[in-house]
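Undergrad: In order, the protein sequences belong to chains A and B.
Mapped onto our numbering, the consecutive letters of the first sequence carry residue numbers 345 to 497.
Mapped onto our numbering, the consecutive letters of the second sequence carry residue numbers 675 to 1466.
If you are wondering where the hints come from, they were derived from the structure by calculation, not from laboratory data.
Taking beta-carbon pairs under 7 Å as the criterion, some of the chain B residues facing chain A (in silico):
#, residue
1, Ile706
2, Cys883
3, Ile885
4, Glu886
5, Gly939
6, Gly1173
Reference listing, derived: stretches of chain A covered by chain B, where coverage requires no fewer than 3 residues with Cβ under 8 Å from a Cβ of chain B:
#, region
7, 376 to 384
8, 423 to 434
9, 440 to 449
10, 477 to 487
So these bits of chain B aren't anywhere near chain A, every CB distance computed over 12 Å:
#, residue
11, His778
12, Ala1116
13, Lys1194
14, Glu1230
What you are looking at is a predicted structure, and each value in this text was computed from that prediction instead of being measured.
For every residue, glycine included, the Cβ atom is placed at its ideal position computed from N, Cα and C.
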Amino acid sequence: MEVEIKVNGEDWALSVAPADVLLDVLREQVGTKSPKIGCERGDCGSCTILMDGRTVRSCLVLAVEAERHEITTVEGISFEGLSPLQDVFLSSNAFQCGFCAPGIVLSATELLEQNPDPSRHDVQEALAGNLCRCTGYEPIIEAVLEAAKGGSA
Amino acid sequence: MTTTYPFDAESKDDELKSVGTPAVRIDGLEKISGAAEFVDDIDFGPGLLHAAIVESPHAFARILSIDTTAAEQAKGVVKVVTGKDFPYKFGMYMEDRYIFAQDHVRFAGEQVAGVIARSHREAVQAAALIEVDYEVLEPLLDPKEAFAEEADLIHPDLGDYTHVPWFFPKADTNIAHWRKIRKGDTEKAFAEADFVLEDTYRVPRYAHCAIEPHVTVSKLDHADRLTVWTASQSPHTQRHLFAEALAPLGFTHKDVRVITPYIGGGFGGKAGVSMEIMGAAMATLVKGRPVKVRWTREQEFYNTYQRQGVIAELKVGVMNDGTITAVQHRLYWDAGAYVEYGANVVNAAGLSATGPYRVPNITNDSLCMYTNLPPGGPYRGFGYSEFHFGLESHMDRIAEAIGMDAVEFRRKNAIVEGDELSYGAHMNPSGLIEAIDKTAAAIDWGVEETSDNPDTVIGKGMALFWKAPAMPPNASSASFLKFNEDGSINITVSGMELGQGYLTVMAQIASEVLTVPVDKIRVETPDTDRNPYEWQTVASHVTWSSGLAVQKAAIEAREKIFDVIHQVYGYEDDSLYLENETVRCKTDPEFVKPLREFVIDGIQTEEGTWRGGPIIASGKFMPEFTNANSDPETGQGGHPNVHYTVGATGVVLEIDKDTGRVWVRKAALAVDAGRAINPDLVKGQIVGGLVQGLATVLYEDMRFDEGGKMMNPNFTDYKIPTAFDIPDEIIPIIVEVPQPDGPFGARGVGEHTMIAAAPVIANAVYNALGTRIKSMPVTQEKIAMAFREQQT
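In isolation and in its complexed conformation, chain B is listed as follows:
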C-alpha cells in the first residue's frame, strides 16, 4: 500500500520554463549592495529605549530575593522588570517556560530581571546594580543522571503542564516526553540474527551561530496595539504565542503584529519564541516607546536554543547476507531546562531513528530529559544529525564485521517506495539508491588511494541520511497574489527568507504558472497584519508547503484571467493558455491578449462596458493525510510525517598520523530534491549545509564547567569554519525523483545536507587509521590520542 496524495501538482517536465532554472535571487541585489534591511537596521527615532537582561550565574537555584532599588534610581533608567511583572507561562508544544524566572532558575544564563533605559550603556550599567539572592541547588547536567529514579526534579509540576496530545511527559520524573516505537518482535529478531552489534555513541551540544544575533524591537502604542519587529523564522507562531502568553493583559491576535524583515541566518535558532517574548512583555510597561533587546554574541550562545546533546544506545541485528532484521535505539536527550520546543526534536528522532533502512523489527525509545543546561531546541537537522552519527557509524562497523562492502550493505537495506515505516505508514517515492551510487562514484568508492606524503594517510567514508519535516499534522501555508498595471506581480507569503532562497523559489513557481518572468515578481517578507498565514519556516517544508500555496494562488489567478477572456470574447476556458505574459487560444491562433492590458483595468466590451478588474488570488495548503494520533506505547496507528527526503554523503580525507590533522580533500553529497526548482539554490544548500555539518564533527565543541556554565560562548573559543576550513572540492549532486504532491515534484532539502557529515568523517577516519571514534566532535586531538593509544 502506498500513500495516496490529495493534491496532484502539475508537472510537465519538458515544458518548464522557469522551474528548474538557476534564476538569479530576487533578493540578490539588495544583499550585495547593502540595501537589505535587517531588524537592527530599522530606525526607531529618539524615543527608542534599550533593555539589558540580568541573568542567573547558577544552573539551578531558588530565587530568595531580588533587590532592584539601586537600578531603578540609576541614570537613564525608565523601568525595571522582574518575573513578578509577568507571571505567565508560554511554550511552543509544551508550556514550561516563563517570560522571566519566577521562583527558580534552571540554567546558567536564565533571565531574572530586565532594565529598560534610554541608552544601551545605561541599561547595562543599571542591570549590574540589581542584587539577586539565590539558594544554590545541585544541577543535573547529564541526561542519564536526570533519568535516574532518585534524581531531583527540575520541574516538580511537570504533571500539570499543558502540552500537545502527541507528547507523553511522566509526572514526578525528569522525563518531559517519551516517544516509543514498538514494531515487530525485536527480542526474537536479535535472538535469530547472525550478528548483533551493540554500542553507545555520544553527541554534545552545538550552537547555531547565525552571524546576526537575535534582536527584537517591540512597541505598545497608545491605542494598545503591540507591534514587534523581530529577527524570526516564525512570525505567525510568534504572534500566536505572544497573544496567548500576554492574554491576561487583554491582548487578542488582532492587537499583536509581528514584522520580520530579512534575517541574518536562522538554522532553527530563530524558530519558535525565545528571547523575543521578553521584549514584547517589557514594551507593555512603557507604552508609546519602542524597546530594543539585542543579544550579545555571548547571550546568543547560552540563552537561545542550543542543539541538544544525546547519548545513543544502539543495537542492530543482521543476517549473514546483510539483511537488517532489528534495530533497538535508545536515545537519552539532554534537552535542557525548558523543552517547550525541544521535546519535538526528541519526538521526531524517535519516529525515524532507524535511519533510511527497511527494518521489520524496531524498538525506539527517545527520551526527553530535563537537565540544568540551556534550553534545547530546533537546529538544522532536528535530531536527525544527532542520531545519524551513531547509526551510520554502526552500519559501517556491521558491514565490516560480516565481511560486506559498506556501500553494498547500505544499498541492500536502503528504504524504497512502499516500504513500511516504523509507525506503520509507507515510504514515499525516493531516489536513495541513485543517490548512493552517484555519491560512491564521485569519490571513487572501492578504489584505494595512497598518500605521497609518508606522514599522512588517505581514508574514504560514506553515510546516508533521511529526514522528514517535523511539524504538527495540520501545519499550513497560505499566499496572496495580485497583478499590477504593467502585468508585474506582488506575492505575499509568511515563510521567511533565511538565505535559502525561498522568495526566489516562490517567484519561480508563480512564474511557471503565469508565464511572467521572475524579475517581474516581487515576494515580500512577512508582516502578520498583511501577509497570509504560515506556520513557520522550519522543517525544510516551505518549498513544498508554501510552494503549493503559491502554486494554487497562481492557478486561481490564471482561472480568473481565463474567465474574463471567456466573458468578453466567448472562448471556452479550456481552450485558453498563457504564453509569454499573454493569453492565447488553441482554437484561434490569431488571438493574443497581453496580461498588462487588462489585469487591473479589465476589458471593454463592444457595448462600451467593462469586464474583469484587478486580478487577485489566494492559495493555501494543509496536509490533509497526516495525523499524530498514535498509541503511546507502540507509536503505531498515526501518520505523523508527510514524507522523507533522502540522500548520501561521501568524503575522501587525508590525515596526519602524528598530529591527527584532517584535510577533507573531496566531499560529495547527493540529495533527492524531487525537483530542483532552482538548482543553484539547491547546490547552495548542499555546500553550505555540508560545511556546517563538517564543522560540528571537526571543529565545534561546546564546553560547560561543573556548575553548568558555558565556558566558550564566543567565536574565539567556539570555532566555526572560516574560508580556509572547507573541503578542497565539493561535488553537489541533485537527484530528482518527484514528490507526487510537491509543487512540480519538489520536496525540501535545507536541513538534510548536514545530517550525514559527522558519521561520514568518523567512517573515513576509521578507514584511514583503523581508529573508531564514538563521540563527537572528532577533533584533531581526539584522533591523534586514539591513534597513539591504538599503536601501543
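Okay, chain A solo, but in the shape it has when bound:
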C-alpha cells in the first residue's frame, strides 16, 4: 500500500506492506540511517525519532501509522548547522560510541522545547527511555543541563 510521509521536511510517497515498521522503512526506503536498530521491541530507544515534534520509538510504529505525519530525525535538525544542544554535546565529549546519540539528541531536544529550565531529575526522566552502555549517562545529563542554562535548544 501507498503512504505519504514527510521526512525531514521532504515529502515521500512510499509503497509499504501493512506489517512494515517505520524504522525499517526510514532506513531502507528513505535512506535515513540515524535511527538505529537495537532491540526491535521498544526497550533501548536507539530508534527514537520525532513524529510531529514528539519522540516515538520508530520500531514500534507501523509505517502506515505515519501516514501524513511529519518525521524528524537527527539529520533533520542538523541541516542548518548544529543546535546549541548539539554544540554542547560536541564540546563536552558527552558521547562515546555514538550509537545511542541520535536518539538521545532527539529526546533531549524534545525536553528542552517543552521545558527550557529542566532539573536534573527532569533530564533523567526524559532520557530514561534511551539506553546508553558507554557513558554512564552523567556527561550527557550534564551537557543537557548546560545547554539549558545557555538558552533554548
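Dock chain B against chain A, hints included.
TA: Same frame as chain A, now just chain B:
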C-alpha cells in the same frame, strides 16, 4: 630488580601542548549529527541477501538428522547451509569451535543451520521449516560438577585440539585449561599465620549489552575476493581466523579483506570471532551476492560471548600487624561450551588472582571448565572483575577480624614498584597508594554518616583493583602516517574506535610530536587491505601499544622533515625543531619553514632542482620483553604481562532497611593512567566503566533454566541502567605515575574502571547493615532477605 624497558618514550611534562588536554573528539561531530556510519548503515544495493540461523533448543544433544527440504523450496530462499558445508574448526587461542554444529550441539542457541534468502522475513520464515532431530543429553551447567571425575565429557577429543603453548588442557576431562601458580610455601605460611580466613564467593554470568547488536555483511566477488564488513573490535584477527578456517576453500590472507567502520560499543563482546564467521562462510556459497547476518537482541544475549561465571574458593593468611603472608585462590570458571577465547580469561585471572597486594606465598588454581552454557569470552575486566568480588570482600573481612581499618590494611599490603609478582617478574611503577588515599578522602573515609531518614542507613565501602593487558607475548601494533598538501595529516591504524576515544588519542599523540593541531589530523577506522596491522582492540592496550606505534611514525616523519631541511639549507638535524606547524632552527632564529610549503612538493634548491617529496612514515610496536613460557606446574619463569594499571574505588550508599533498596549517593574512583593523554576521555572511562560495574552488582542477573536455556535475553528482563540508575555523584580521580615505556607515560584505563564496583558495594552494604553477601548480584531482594534473616 625492576624491569628494564626497551623503548624510552619521550615525555617532557612542562612542554606538552596537545597531550594532556581535553581535546574535542575527532569523531564527535559525526556522532552527534547522525553522520557516523555503522555496518548496518552501509547500503549494499538490491543484490543484498539476508541470512537467518537455526539454533539448538537443547544445551547438549547429538544431532541425528537435519531435514532442509522444505526450507530449500520456500519462497525467496537462495541457499540453505548446515555443518556439512563447512566441517572446519576455528578458534582464537584454542581451536574448539565449528562454524556450524557438526554432530553435537553444546549450548542452547548454538547454530545448526543457516538460510540465505532475498529478504530477512523470507529467511526467518524458511528457517522455521528446517527439521532437526536430536538425541537430548544431560547438560552440565555447573563448573564444579563438570570438574567431578565421573562427569560426562563435553569435548571427548579435547586432547587433540590445537592451542597456544601457554594453555594446559587435560585430555579426557572437562578441564580446558588449568593455570597454576605456586610461589613460596603456602601451607607453611597458613600454619604460621596469626589469622586465616577461608570462604567461597560466587559470580554469575553477565552480558555485554552493547546497544549495537553484532552485524556482518560478507561478499565473495566473482574474482574470489572475500570482503567482510563487520562490527568488530578485531579486524586483523578476524581476517586471520577467516583465512585460516576457510583455507580448505583456497583462501589466503590477501584474498580476505575485513572492513570495520564505527561500532556501537564492544566491551569485549565484539572481540575475536563469533557469529561473523558464519556470514563469511555462507557468502562463499552465493558468489557475487553480499550476505547480511544481523543478530537480534535475543541472539546478542545467548550466542555471542558471555562473561563467564566463577566459583571462587579463597583462603588468605595474615599476621596480627596486618601483613598478608599467603593467598590460596581456587577459581572454577564456568567457561561454557567453547573456550577458544575464554580460556585466556581464565589464564589471565590465574596469573593475577592475588589482587594488587604484595604476597610472598601464593597457590592459584584457575580452572577453565567446559559447561553446556553459551561460550564464555572476553568482557571488560577480563576475569579480574570476577575474582575481585571475592578477594576485595575478603580483605574487608580480614581487616575487621584483626581489628584494623580496611583502608590502612590495604595501604600496608598495597603492591609497589619492584615488588615480586606471582610469576616472579616485578611490579611496574604505580600510584596505588596515591589512588587509595585520594579515593578515601573523596568519600570521607573514617567519618561515620547517619541518615536523617529513620528507615535508611548509610554505608561506606572501599575496594582496590588492578589489571594487566592479557595478550599473546608478541601482540603488536602498527601505524602509517602521511602529510597532505596543506600540512594536514592522515593516519591509518587498525585499533578500533569503540567509543573510548582511541582515534582522538592517536591524533593527540601525533599532534604532540609534529605540532599539527588535532583538528588537522584524520585517523581512519580499519580496512585490513589498507591499514597496517593491529592485533585487536582489547586488553586496554591500544593507548599504550598503538600509541607507541603512532608516536614512532610521527618521530620518523619528523626525522624525514629535518632531513629535507638539512639537504637544502644545510642545518644540522639536531639544531632543528618543530613549532606551530613550522620547522625552526636553534642556531638561526630567523629560519621559519611552514610544513605546508614542502611536505608534499618538496623544496626547490638554488639550482632549480627539488629535494624531498611526500612525507610518509610508519611505526610499529611489539613488546620485546615479554614471554609466556613458564613452568606449567608453578607458573614461574615467564614474563606474561607487560604491566599493571591500578586504582581504587569508594562509595557512600544509602539503604532502605525494609526493602533493601540501594541508592549510591557518592562514588569515587581513582585510576593510575600513567599520563592522561586526554583527561576528558579518561574521565569518560571512569564514569562509564563504574556505572557498568555497578550494574553487574546491583541490577543485572542472567538466569538459565534447568535445561541451560537463558530465560531473560532482553532488556525488559535483563536490566541495564537507565539515566535514573546512576550514582547521585561520581568523582573521577586521575593519578599519573608514568609508565616508563608508555607514549608520554600513558597506560590503559578502559577496563579497570568496572573491576572494583562489585566488591565496593558488597563492602558498603556490610558497613551499613552488618550483612555480608557473598554471591553476585547484590540485589535489593537479596539484601532485604539477608538483613531480615540476620534480625531473627
